[in-house]
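Participant: So the sequences go chain by chain: Z and P. First residue of the first sequence? That's 874 in our numbering, and the numbers climb one at a time after it. First residue of the second sequence? That's 874 in our numbering, and the numbers climb one at a time after it.
The set of hints was computed from the structure by calculation and includes no laboratory data. Possibly wrong hints are sitting among the right ones.
[Said to hold, decoys possible] The calculated lysine-lysine pairs, modelled on BS3-like cross-linking and capped at a C-alpha distance of 30 Å, are: (1) Z/K956 - P/K956; (2) P/K978 - P/K1172; (3) P/K877 - P/K1050; (4) P/K1134 - P/K1050; (5) Z/K978 - Z/K1050; (6) P/K878 - P/K978; (7) Z/K956 - P/K984; (8) P/K1050 - P/K956; (9) P/K1172 - P/K1134; (10) P/K956 - Z/K984; (11) Z/K956 - P/K978; (12) P/K978 - P/K1134; (13) Z/K877 - Z/K956; (14) P/K877 - P/K984; (15) P/K956 - Z/K978.
Number of protein chains: 2
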Amino acid sequence: MIGKKLARHLARVRAIADRSITDLSLLDMTRPEAPAGFYGGITTATLDILDREAVDRCIAVRPDVIFHLAAVVSGEAESDFDKGYRVNLDGMRHLLEAIRQEGSKQPYRPKLVFTSSIAVFGAPFPEFIGDEFFNTPLTSYGTQKAISELLLADYTRRGFLDGIAIRLPTICIRPGKPNKATSGFFSNILREPLAGREAVLPVADDVQHWHASPRAAVGFLVHAASLDLAALGARRALTMPGLCASIADEIEALRRIAGEKAVRLIRREPDPAIGAMVAGWPRAFDAQRALALGFCPDKSFDDIVRIHVEDELGGRLP
Amino acid sequence: MIGKKLARHLARVRAIADRSITDLSLLDMTRPEAPAGFYGGITTATLDILDREAVDRCIAVRPDVIFHLAAVVSGEAESDFDKGYRVNLDGMRHLLEAIRQEGSKQPYRPKLVFTSSIAVFGAPFPEFIGDEFFNTPLTSYGTQKAISELLLADYTRRGFLDGIAIRLPTICIRPGKPNKATSGFFSNILREPLAGREAVLPVADDVQHWHASPRAAVGFLVHAASLDLAALGARRALTMPGLCASIADEIEALRRIAGEKAVRLIRREPDPAIGAMVAGWPRAFDAQRALALGFCPDKSFDDIVRIHVEDELGGRLP
């Protein structure tokens, strides 16, 4: 989802920092759609990241910048232990090794922008999680992301690539249909009412979480690719600046933008199992490093709702 | 080295906490020596941790407690990138998967005591590194240990085993011949003069580091195996309480115990490359969690020297 939006953005702006984009390769399990309006070379293809030789062939074209967003999401990595480790850990190693092997033929040191997650953190937390707080994930997904961050930092330190891991907040409002991410309800209670449909809220109104719009997430990725990563030193993983909001804050933003009839479409059905999981999730960060490096958060939850209305609903409310 | 001392200790005390030891299996790349005086079952065999089927066969006997000390040391993991990842990461995964697969046949949840390292931390550091400081290793070895800690925690959380990772301080005085660990000089400048031989000191006298005697390290391992690990919650990695000492502190202890003639055997040959590496190493910790759980550090550097004289030199000084 973010990958598709990123591809559209890159096709439109045709540059990363001051370097113009000449070729775009878009790779996914199912063949991605080519974004309209890009005049450079464009390749769209299927890629199974578990097929090491296929990964090698993709890297053999020596891209300057690689965005790695492929992942089994949190809920699925928890329900299918083997698949999570295969895709999220072995897949990452395939990519890193393909780059290293390509560089062993002749010098090659691409920029690698990896989407990590705030799931690398696990409760109990301080009120604001600082940039030097430790990683004690409470999910297999978070474990796989934390391991990938460590690998990326080591491959960077050894000179095989120039990596940055950005820990995305929970994306809100995630467009399209619900996926297997446990955090889906944060989006569902806005997206569904905005389309005139009912949504289930399984947790209490005072549950706080850390959010970013899809537009902010694309902004993080592009900014990461634009930076001189030497500024990061050896510490290549950055928590992105999200917006801390409670369920009540979400609902108030929905009320201000779409009115009481939208809010009435939210049906409270407390689910203790989901409530217990969410209690272990981070709520708020002090993302100083990322802010100092120019990463820009959403300004308000109203903005997060408006971005969805503009980008997904053509500006129309039900 | 620690494994050998641990085996001797277990053979002598014949119990872990209040459970007596009925069988000991000792496995290494070369067949370990059976410790004397153990009246239970004893198996010594070679094991290549990269041979997954061989690891499976070792786990098939369903040991209650597993000590995992196998590793490529820091210097070698840095000089041979592939070997380090194979042994220190893939090897760990072989062990974890062998345990998980064994448990899928019929319930099995052994205690796994894994020796991690303070190399999981990377500079810059606070004056004292707390229990919640993040892991940003500056070596491939430290990266592999940090990843192994994450895997151990996730396999524990999923109920496949009951794991604890203990981050050993640098072992001092390491007996025997120098190995490929970059930190070897901390031991060399004591062990060699205590045996009447010259030793090279490649760093400045004010370099501080975090040490534990082999006897303290064995104590940590046995105590870890004795604990009810539920007390650790989800956070299964613990920094062990070492002793913070400078090179000057080491030399003064040597002087007090073996006299000026031993100190005169230390030859200062500053090596800027080693100095630069050591500048990135941790110096001192605030190991509150481990102390609260009853892990015992060495009391003084004089004790560290005395332990070597007692355990390795039969109490004799040159």
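Participant: Work down the list of hints and note, for each, if the structure agrees.
Facilitator: How the hints compare with the structure:
A threshold of 30 Å between alpha carbons decides the hint, and for Z/K956 with P/K956 the separation of about 26 Å falls inside it, so the pair holds. For a cut-off of 30 Å, the pair hint linking P/K978 to P/K1172 is broken: about 46 Å separates their Cα positions. About 15 Å separates the Cα atoms of P/K877 and P/K1050, which keeps this hinted pair within 30 Å; it holds. Only pairs whose Cα atoms come within 30 Å are accepted, and P/K1134 paired with P/K1050 is accepted, the gap being roughly 22 Å.
The hinted pair formed by Z/K978 and Z/K1050 fails the criterion: a straight-line CA distance of about 44 Å is larger than 30 Å. With a C-alpha separation of about 34 Å, the suggested pair P/K878 and P/K978 falls outside the 30 Å cut-off, and the hint is violated. With a C-alpha separation of about 25 Å, the suggested pair Z/K956 and P/K984 falls inside the 30 Å cut-off, and the hint holds. For the suggested pair P/K1050 and P/K956, the alpha carbons sit about 22 Å apart, so the restraint of at most 30 Å is met.
Between P/K1172 and P/K1134, the direct Cα distance comes to roughly 25 Å. Compliance with the 30 Å bound is thereby established for this hinted pair. Between P/K956 and Z/K984 the CA atoms are separated by roughly 25 Å; this keeps the pair inside 30 Å, and the hint holds. Note on Z/K956 and P/K978: the hinted pairing holds, with a Cα-Cα distance of about 20 Å set against a maximum of 30 Å. Using a Cα cut-off of 30 Å, the hinted pair P/K978 and P/K1134 is violated, with the two alpha carbons roughly 62 Å apart.
Distance check on the hinted pair: Z/K877 and Z/K956 sit about 23 Å apart at the alpha-carbon level, within 30 Å; holds. Taking the CA atoms of P/K877 and P/K984, the gap is near 20 Å; set against the 30 Å cutoff, the hint holds. A C-alpha spacing of about 20 Å is found between P/K956 and Z/K978, which places the hinted pair at or below 30 Å, so the restraint holds.
When held up to the earlier numbered hints, the structure conflicts with 2, 5, 6 and 12 and fits the remainder.
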